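Just so you know, the sequences run in chain order P and S. In terms of my numbering, the first sequence has 52 at position 52, counting the first letter as 1, and numbering is strictly consecutive. In terms of my numbering, the second sequence has 21 at position 21, counting the first letter as 1, and numbering is strictly consecutive.
Just so you know, the hints here were simulated from the structure itself, not pulled from any lab data. Quantities reported herein were computed from a predicted structural model and do not represent experimental measurements. A portion of the hints provided could be inaccurate.
Just a few of them, taken from the derived set where beta-carbon distance is under 8 Å, the chain S residues facing chain P [as the list claims (entries may be wrong)]: (1) I375; (2) F388; (3) M389; (4) M392; (5) D393; (6) V407; (7) Y412; (8) T458.
Computed footprint of chain P on chain S; a stretch qualifies when at least three of its residues, placed anywhere within it, have a C-beta under 8 Å from a C-beta of chain P [as the list claims (entries may be wrong)]: (9) 378 to 386; (10) 396 to 403; (11) 437 to 443; (12) 461 to 467.
Distance condition first, Cα-Cα at most 25 Å in a straight line; then the derived PhoX-like pairs of lysine-lysine [claimed, not checked]: (13) S:K286 <-> P:K180; (14) S:K344 <-> P:K180; (15) S:K419 <-> S:K286; (16) S:K154 <-> S:K344; (17) S:K419 <-> S:K344; (18) P:K48 <-> P:K126; (19) S:K419 <-> P:K126; (20) S:K94 <-> S:K32; (21) S:K94 <-> S:K154; (22) P:K225 <-> P:K420; (23) P:K44 <-> S:K419; (24) S:K419 <-> S:K94.
No residue lacks a Cβ here, since even glycine has one placed at the ideal position from N, Cα and C.
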Amino acid sequence: MPGVEIKGALSMQIEIAGFPYLSAILITCVTGLLVILLLPEERKGEIKWVSAGFSGTTLLLCVYLFFAYDKTRGGLQFVEKVPWVPSLGIQYFNAVDGFSLPNLLLTGIVFFTGVLTMWQLQERVKEFFALYFLMVLGVFGLFVSMDLFFIFVWYDVSLFPMYLLIAVWGTTRKEYAAMKLTLYLFAGSALLLPGMIYLYVHSGLNTFDITALMQPGTFTTAQQKFAFPLFYVGFGILAGVWPFHTWSPVGHAAAPHSVSMVHAGVLMKIGAFGVLRVAIFLCPEGWQYWSGVMAFLAAFGIIYGALAGLRQTDLKYVIGYSSVSHMGIVGLGLSTVSVEGLNGAVFQMFAHGIMTALLFSAVGHIYDRTHTKEIGELGGLSRVMPVASFYFILAALAGMGIPGLACFWGELVVFIAAFKVYPVRTVVALLALVVSALFMLRVVQRTFYGPPNERYAQLSDVSFSSGIPRMILAGVLLLFGLYPALLFDVIETASIPFMNGLPR
Amino acid sequence: MKWMLFGPETYIFLVAFFFLILSMWRGPHSEKDHVLALALSGLGVVISLACLGAEGLLFAGAYRLDLFSQVFKVALSFGLFLIVCLCANVEEIKRRYRLEFYFFLFVCTLAMMLLVSAQHLLTILLALELSSYSLYILVTLRRDEDMGLEAGIKYFLTGIFASSIMIFGMALLYGATGAVYLQDLAQVLPEVMGTPAAVIGLLLTFGGFFFKLAVYPFHFWVADTYQGAPDQVTAYIATASKVAVIAVVIKLIAAVDQNSTYLIHVLAVLSIASMTLGNLAAMVQKDMKRLLAYSTIAHSGYVLIGILSGGTAGYASAVFYALALLVMKFTVFLVVVVLSPRGKNLEREELAGLHGRSPLLALALMVSIFSLAGIPPTIGFMGKFYVFMGAMDKGLFVLVLIAMINVVVSLYYYLLIIKAAYLGHSWETPPAVHLPQPMRWLTGALIATMMVAGFYPTPLIRLSEAVARSLM
Numbered sequence: 001m002p003g004v005e006i007k008g009a010l011s012m013q014i015e016i017a018g019f020p021y022l023s024a025i026l027i028t029c030v031t032g033l034l035v036i037l038l039l040p041e042e043r044k045g046e047i048k049w050v051s052a053g054f055s056g057t058t059l060l061l062c063v064y065l066f067f068a069y070d071k072t073r074g075g076l077q078f079v080e081k082v083p084w085v086p087s088l089g090i091q092y093f094n095a096v097d098g099f100s101l102p103n104l105l106l107t108g109i110v111f112f113t114g115v116l117t118m119w120q121l122q123e124r125v126k127e128f129f130a131l132y133f134l135m136v137l138g139v140f141g142l143f144v145s146m147d148l149f150f151i152f153v154w155y156d157v158s159l160f161p162m163y164l165l166i167a168v169w170g171t172t173r174k175e176y177a178a179m180k181l182t183l184y185l186f187a188g189s190a191l192l193l194p195g196m197i198y199l200y201v202h203s204g205l206n207t208f209d210i211t212a213l214m215q216p217g218t219f220t221t222a223q224q225k226f227a228f229p230l231f232y233v234g235f236g237i238l239a240g241v242w243p244f245h246t247w248s249p250v251g252h253a254a255a256p257h258s259v260s261m262v263h264a265g266v267l268m269k270i271g272a273f274g275v276l277r278v279a280i281f282l283c284p285e286g287w288q289y290w291s292g293v294m295a296f297l298a299a300f301g302i303i304y305g306a307l308a309g310l311r312q313t314d315l316k317y318v319i320g321y322s323s324v325s326h327m328g329i330v331g332l333g334l335s336t337v338s339v340e341g342l343n344g345a346v347f348q349m350f351a352h353g354i355m356t357a358l359l360f361s362a363v364g365h366i367y368d369r370t371h372t373k374e375i376g377e378l379g380g381l382s383r384v385m386p387v388a389s390f391y392f393i394l395a396a397l398a399g400m401g402i403p404g405l406a407c408f409w410g411e412l413v414v415f416i417a418a419f420k421v422y423p424v425r426t427v428v429a430l431l432a433l434v435v436s437a438l439f440m441l442r443v444v445q446r447t448f449y450g451p452p453n454e455r456y457a458q459l460s461d462v463s464f465s466s467g468i469p470r471m472i473l474a475g476v477l478l479l480f481g482l483y484p485a486l487l488f489d490v491i492e493t494a495s496i497p498f499m500n501g502l503p504r
Numbered sequence: 001m002k003w004m005l006f007g008p009e010t011y012i013f014l015v016a017f018f019f020l021i022l023s024m025w026r027g028p029h030s031e032k033d034h035v036l037a038l039a040l041s042g043l044g045v046v047i048s049l050a051c052l053g054a055e056g057l058l059f060a061g062a063y064r065l066d067l068f069s070q071v072f073k074v075a076l077s078f079g080l081f082l083i084v085c086l087c088a089n090v091e092e093i094k095r096r097y098r099l100e101f102y103f104f105l106f107v108c109t110l111a112m113m114l115l116v117s118a119q120h121l122l123t124i125l126l127a128l129e130l131s132s133y134s135l136y137i138l139v140t141l142r143r144d145e146d147m148g149l150e151a152g153i154k155y156f157l158t159g160i161f162a163s164s165i166m167i168f169g170m171a172l173l174y175g176a177t178g179a180v181y182l183q184d185l186a187q188v189l190p191e192v193m194g195t196p197a198a199v200i201g202l203l204l205t206f207g208g209f210f211f212k213l214a215v216y217p218f219h220f221w222v223a224d225t226y227q228g229a230p231d232q233v234t235a236y237i238a239t240a241s242k243v244a245v246i247a248v249v250i251k252l253i254a255a256v257d258q259n260s261t262y263l264i265h266v267l268a269v270l271s272i273a274s275m276t277l278g279n280l281a282a283m284v285q286k287d288m289k290r291l292l293a294y295s296t297i298a299h300s301g302y303v304l305i306g307i308l309s310g311g312t313a314g315y316a317s318a319v320f321y322a323l324a325l326l327v328m329k330f331t332v333f334l335v336v337v338v339l340s341p342r343g344k345n346l347e348r349e350e351l352a353g354l355h356g357r358s359p360l361l362a363l364a365l366m367v368s369i370f371s372l373a374g375i376p377p378t379i380g381f382m383g384k385f386y387v388f389m390g391a392m393d394k395g396l397f398v399l400v401l402i403a404m405i406n407v408v409v410s411l412y413y414y415l416l417i418i419k420a421a422y423l424g425h426s427w428e429t430p431p432a433v434h435l436p437q438p439m440r441w442l443t444g445a446l447i448a449t450m451m452v453a454g455f456y457p458t459p460l461i462r463l464s465e466a467v468a469r470s471l472m
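Generate the whole structure from the sequences, applying the supplied hints.
Shown next as structure tokens:
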């Protein structure tokens, strides 16, 4: 008889500390989804207000959690544990720690601002917001879940609405992009599921509980070395790791604005977060073994994304390739096997998420007015719409790593940590970034300065109300740029104990 | 109360007989007959449920009742009920055969109920043939004679070929072991497992069942038969009939499974071949029924993974998968039957604009397609996950990996269906689809079942485990 059903269930009891805030976030998403589904299609305005209301509620919950988290105690907090399928060792287990909190906050911000960015949508509004809520539900679920099985479920829930979101409401080559993106990302899950079941079976613990599986000694070194690449590649596809990144620029360019925002801003973070939470947590020895390869791929991704971005003529492609490059920085941070590297990587996840969301949001406004994303056709926009241009330029500067904006800190910390371990790769990657920064400036110069295109001379600028989402994003960029300790303090509550617990 | 043991079978037999008499008595009367069949098959579900706890041996041990057989009988009668729900409008079937159509549906269900309980090789054979012959006739009932006949003849010829191979295999098995009861076979077989007669006999016997299950080298009939048969009959073959065959294959393997690695390897190869072939061939299909036929072949491959994993967990996962298949395949066929144009098969492109014509059907199609593809949180995902758990427990990592790659491959054509339903704009906008109220409830219930059982599968998993344990 196989061993699965004989072993006793491990710590399978209900365990809920206080009000279930994390479930509340998920339930808010589900309720929002159901309310949207029940509203008739014609009442577009109400659907948007409902979406804004429910997404705003999740944002408030995320902000509350971020500040209510006890930094002196650290560890997992807001734990909710309910046995789900006892015979298969599946639990509904939610908790947050210093790694997931920044991502949770990021998701809340991008979710809410994404709804506001799509305020002008007129076509199939109900279906759009329903799918949008479903996607974000998966994202929230993944960030709060501490059970491998649920992580996989949430991973897929966040992916499959993407196909329709891009194929129906997208723009450039949308059907091709949607199919490519979906198949690529699900190819990642084809590696994840066998990997997860492999670990489950070999642990012999009959549980998918990450906290139980991550205890040192659960897996042999050989098993960790074998399983790590499965998770690294599986999640890495979503994180845009070179050479599995090709879906990313195509997908981002084709997706509607808010979906690009969530996708580049949050979904790619799911990939990086999955690498951290699953691959690194469960296979730390595999992590140390493969870290050189990770660093190489990350450095190559930084260079490749930066250089490929130079040749693009489509604004969204430029952002798409810069995402590949910036996610490479996250990968580089994760590959250093050090506290600083982890700190920088998680900080960079957050900062890059906000920055890309702002970029896509700004491009969204420009595209809605001019109906083009071609850099060559635009020009001198800063005179026509100074406010919209400001948001884009601000985000572009953040991407270049200008001090005072959030991305600076993430990049700085990652590069310092990486330089200690992989000096050559880091220096080359840095050089590539400098080159790309120059070219980003050229994009800014061509799009927003220079002679204005007469066709767009009469276009309106961002009004105050439709500028709200961009204001929020820009404000967050500035806040964490000026006061990074707010975020680093939280991340350190997770990274320091984790690195101390590592077998060396 | 011995007759209670044979309750569902007796009842279905009487109903079938009733339809036979009725067909001689008077001509068909579509609406009345449908309501009648609906009520009678609904009652059949109730009776099967009432007999759920029956246990015992009948007919000199040739017929065994346990939780395994009774759960599958409930599933079969439920499958029959679902199919009858689709028969409100049987335009595709020649008018004068409409009563016989119900007769054969019930007879076929009866045969499958016998099949899941049969313990004697000859009983198994008889039950299988009875169900096969009913299906051969049902397939040819289509109004378009060319299509129906072509499908029927292909099905019939390959079917008897497979049956004769199976009989030959059983004869060899008998020669090698001298056993005709499954429980005897289980005892004698390990001693003679090395002899060629036993191995070949076993493989040939399985060949007959793999034909019905549409596993790789025996899959030729599937696409043409699915395409040519009336929609309701295709739905029946794809759902209820598959469930019964999965049940009997589980039972056979459980009886002869002596942890023989040889058998596991053969099954693993067949499983990989079926998945890969089914999914690759389905990609290029335009006809929805042909597409579903190839996806059936692929799904047989996934089921085989659970069966070959063995043990309570493996068989439980196969049982779970069979029940999941019943619901999700049926939901797709519900959409196909409702949308099929008169006298023709539904093409994938004809789904265009479905989201505007009937949002409910579009949603049902999306959920069931994602379920077939194995995307969480649907029942189909849980089925695949459960099956993979068993296989991994056996150390079959590569098999699981190949199966997952197949899932991604299959996603391509499943997404094309969803794309057609949610994106396509058809040129001459077809009218909105009118669904009667009961059908709307049924569709809603199916969607809810797939989602809820996918998100909270615990009760269904407990049931499957109990079923598998009763088998051991």
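Hints versus structure:
1. Hint status for I375 (chain S): holds, given a least beta-carbon distance of 5 Å to chain P, under 8 Å.
2. The interface hint given for F388 (chain S) is met, as the beta carbon of that residue sits about 6 Å from the closest beta carbon of chain P, less than 8 Å.
3. Because the smallest distance between the Cβ of M389 (chain S) and any Cβ of chain P comes to about 6 Å, under 8 Å, the interface hint for this residue holds.
4. For M392 (chain S), the interface hint holds, the least distance from its beta-carbon to any beta-carbon of chain P being 4 Å, beneath 8 Å.
5. This hint holds: D393 (chain S) has a C-beta 4 Å from the nearest C-beta of chain P, less than the 8 Å allowed.
6. The beta carbon of V407 (chain S) is positioned within 8 Å of a beta carbon in chain P (closest approach about 6 Å), and the interface hint is therefore held.
7. Contact between Y412 (chain S) and chain P, as hinted, is supported at the beta carbon level, the nearest pair being about 6 Å apart and thus within 8 Å.
8. Nearest Cβ of chain P to the Cβ of T458 (chain S): about 5 Å, under the 8 Å cut. The hint holds.
9. Remark: the region 378 to 386 of chain S is confirmed as covered by chain P, as 3 of its residues place a Cβ nearer than 8 Å to a Cβ of that chain, reaching the required three.
10. Check result for the region 396 to 403 of chain S against chain P: holds, 3 residues qualifying (beta carbon to beta carbon below 8 Å, three or more required).
11. Evaluation of the coverage hint for the region 437 to 443 of chain S: breached, as 0 residues show C-beta separations to chain P shorter than 8 Å, against a requirement of three.
12. For a cut-off of 8 Å, the count of residues in the region 461 to 467 of chain S with a CB near a CB of chain P stands at 3, and the three-residue condition holds.
13. In summary, the hint linking K286 (chain S) to K180 (chain P) is supported, as the alpha carbons are separated by about 21 Å, within the 25 Å threshold.
14. This hinted pair does not check out: K344 (chain S) and K180 (chain P) have alpha carbons roughly 33 Å apart, beyond 25 Å.
15. This hinted pair checks out: K419 (chain S) and K286 (chain S) have alpha carbons roughly 13 Å apart, not beyond 25 Å.
16. For the suggested pair K154 (chain S) and K344 (chain S), the alpha carbons sit about 19 Å apart, so the restraint of at most 25 Å is met.
17. The hinted pair formed by K419 (chain S) and K344 (chain S) meets the criterion: a straight-line CA distance of about 22 Å does not exceed 25 Å.
18. Using a Cα cut-off of 25 Å, the hinted pair K48 (chain P) and K126 (chain P) holds, with the two alpha carbons roughly 9 Å apart.
19. A threshold of 25 Å between alpha carbons decides the hint, and for K419 (chain S) with K126 (chain P) the separation of about 18 Å falls inside it, so the pair holds.
20. With a C-alpha separation of about 17 Å, the suggested pair K94 (chain S) and K32 (chain S) falls inside the 25 Å cut-off, and the hint holds.
21. The straight-line distance between the Cα atoms of K94 (chain S) and K154 (chain S) is roughly 20 Å, inside the 25 Å bound, and the hint therefore holds.
22. For the hint linking K225 (chain P) to K420 (chain P), the alpha-carbon distance of about 24 Å falls within 25 Å, and the restraint holds.
23. Distance check on the hinted pair: K44 (chain P) and K419 (chain S) sit about 24 Å apart at the alpha-carbon level, within 25 Å; holds.
24. Between the alpha carbons of K419 (chain S) and K94 (chain S) the distance comes to roughly 34 Å, so the proposed pair goes past 25 Å and is violated.
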